[in-house]
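J.: Spelled out from the first residue to the last, the chains are:
Number of protein chains: 2
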Amino acid sequence: MECRSGFMLYFIGLGLYDEKDISLKGIEALKKVDDIYAEFYTANLFGTTLSAVEDIISKEISVLTREEVEEFNIPLNAAMKKDVAFLAAGDPLIATTHTDMMIEAKKWNIETRVIHSSSILSAAPGLAGLQAYKFGKVTTIPFTEENYFPHSPYHAIKANKKLKAHTLVLLDIRADADRYMTVNQGLEYLLKVEKELGEEIVTEDSLAVALARAGSIKPLVRADTVKKLIMEDFGGPLHCLIIPGDLHFMEAEYLVKICGAPENLLDEL
Amino acid sequence: MECRSGFMLYFIGLGLYDEKDISLKGIEALKKVDDIYAEFYTANLFGTTLSAVEDIISKEISVLTREEVEEFNIPLNAAMKKDVAFLAAGDPLIATTHTDMMIEAKKWNIETRVIHSSSILSAAPGLAGLQAYKFGKVTTIPFTEENYFPHSPYHAIKANKKLKAHTLVLLDIRADADRYMTVNQGLEYLLKVEKELGEEIVTEDSLAVALARAGSIKPLVRADTVKKLIMEDFGGPLHCLIIPGDLHFMEAEYLVKICGAPENLLDEL
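Top to bottom, those sequences are chains E and H. Per our numbering, the very first residue in the first sequence carries number 1165; after that it's consecutive. Per our numbering, the very first residue in the second sequence carries number 1165; after that it's consecutive.
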């Protein structure tokens, strides 16, 4: 039995950094819908406030908790009775949980539309002067706990390095506790795993690229050895890391000339 | 000697599909600059015309050939004397050639700003219900010629499959000849390499995902065996392919329920 609600659920990406990273198409949809929900638990916009977004569209936005989205299905329930937009930072389908929601929407026979936006996945390579097609699997370093210290990000970097591929390393977000992992914490984690496993995948002398506030007017991009970077202050969130694999000369040149990597990087090529 | 031009060169992404995929930030910059150039040889917008973009900003845009951008450095030369925007489809730094241009700009002491946008790299996984962190290296199938028949895309898929990773397969663009590779041509190429190498990486019975017109209101997403897909018509450009690696149950469910993949995909998990 096909029985559609007749209403639409839009998944709309807010993009990378502030209220002006959303697309014109996204704004148009927001102006049209009845209800607007947003979640900031999988990611967040640091260059703006929610009210700046509300001002642009002259409408209110309800921010939902993970429980309200995933257990109480608030956006899905609303979309049975009206047109609804669901906003998330970055591209709206990058978080696995939103793809799941899309499947759920189809099961409920709710029509969906996706309005994409800028994402760290596509922005990071270019900002670091690295070629997008040379990146392997992305990985995320989680906040570790006494009984939770996974090695998987280290292994992901190892597998990519074997293929000479770069690794984009995302850093954990605990929006509910206002905790956003810094580059420094990420590197400390990697050195700690290195100390345990000793496979020389990420040592103090390895080259790494620190990226902060991608999408802002002046994102910070710094390339150097892990031991140098770990001592630096990269300012406010969001941070991420790139652990390069083999470098083309042009890539190395960018890291040296633009991102302050040591000159001898070029000698090795 | 630091001697900056005092002017700014903006790299601005037009996003995935039409004139409304650009961000508000991109539009603001376009309204501010003196000259606007665009290139459509690395990618293109299929859901719109150049004049639709011009209408939004009430300004003219000069479309440049590869030669004018890369040999005559028209945008860089202009940015020595005024504020300039350089537009490209998708995210503005995904094409390697634009990263090179960014290095060149820094050598010329021209200040640069990047305004990101939606890109197939971040949009494709979610549209196919596949998890972004399970994708390996992206690859591109080129138009082959009598003396040019590279095997590298096949090997890229093979390497990713070994890691159980999905592969995003971009398809060649020859904007000057108005040729945009179809899913069908891409699959034919893969079967041809399979016939030569016989490693059972992409056979007629392999699962593939066809994606067309990502970023449009109704992008087409179809999952099926290669032999089925190769007979179908996916409509206008742009097309791309995904060759899945190992599937989670949720991913397989999406491919079956939303993208029409054969039901037995779920039995195998």
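These are computed hints drawn from the structure, not numbers from a lab. Among the hints, a few may not be true.
[What the hints assert, rightly or not] Computed footprint of chain H on chain E, listed as stretches where at least three residues anywhere in the stretch have a Cβ under 8 Å from a Cβ of chain H:
1) 1185-1197
2) 1201-1209
3) 1253-1266
4) 1323-1329
5) 1346-1356
6) 1416-1428
Note that the structure is a prediction, hence the values are computed from the model and not measured. A virtual CB, placed ideally from N, CA and C, is assigned to each residue, including glycine.
J.: Does the stretch 1323-1329 of chain E contain three or more residues whose Cβ lies closer than 8 Å to a Cβ of chain H?
T.: With 3 residues in contact (Cβ-Cβ under 8 Å with chain H), the coverage given for the stretch 1323-1329 of chain E holds.
J.: Taking 8 Å as the Cβ threshold, is the statement that the stretch 1416-1428 of chain E is covered by chain H upheld or broken by the three-residue rule?
T.: With 4 residues closer than 8 Å to chain H, the stretch 1416-1428 of chain E meets the three-residue bar; holds.
J.: Are there three or more residues in the stretch 1346-1356 of chain E whose C-beta lies within less than 8 Å of some C-beta in chain H?
T.: Violated, because only 0 residues of the stretch 1346-1356 of chain E bring their Cβ atoms closer than 8 Å to Cβ atoms of chain H.
J.: Given that the stretch 1201-1209 of chain E was listed as covered by chain H, double-check it with a C-beta distance under 8 Å for 3 or more residues.
T.: Violated: only 0 residues of the stretch 1201-1209 of chain E have a Cβ under 8 Å from chain H.
J.: Tell me if chain H covers the stretch 1253-1266 of chain E under the three-residue, 8 Å CB rule, please?
T.: That given contact holds, which follows from 10 residues of the stretch 1253-1266 of chain E lying within Cβ reach (below 8 Å) of chain H.
J.: Go check the stretch 1185-1197 of chain E versus chain H for me, would you? Three or more residues, Cβ under 8 Å, otherwise it fails.
T.: Satisfied; 7 residues make the cut.
Of the numbered hints given earlier, the model fails hints 2 and 5; all others are met.
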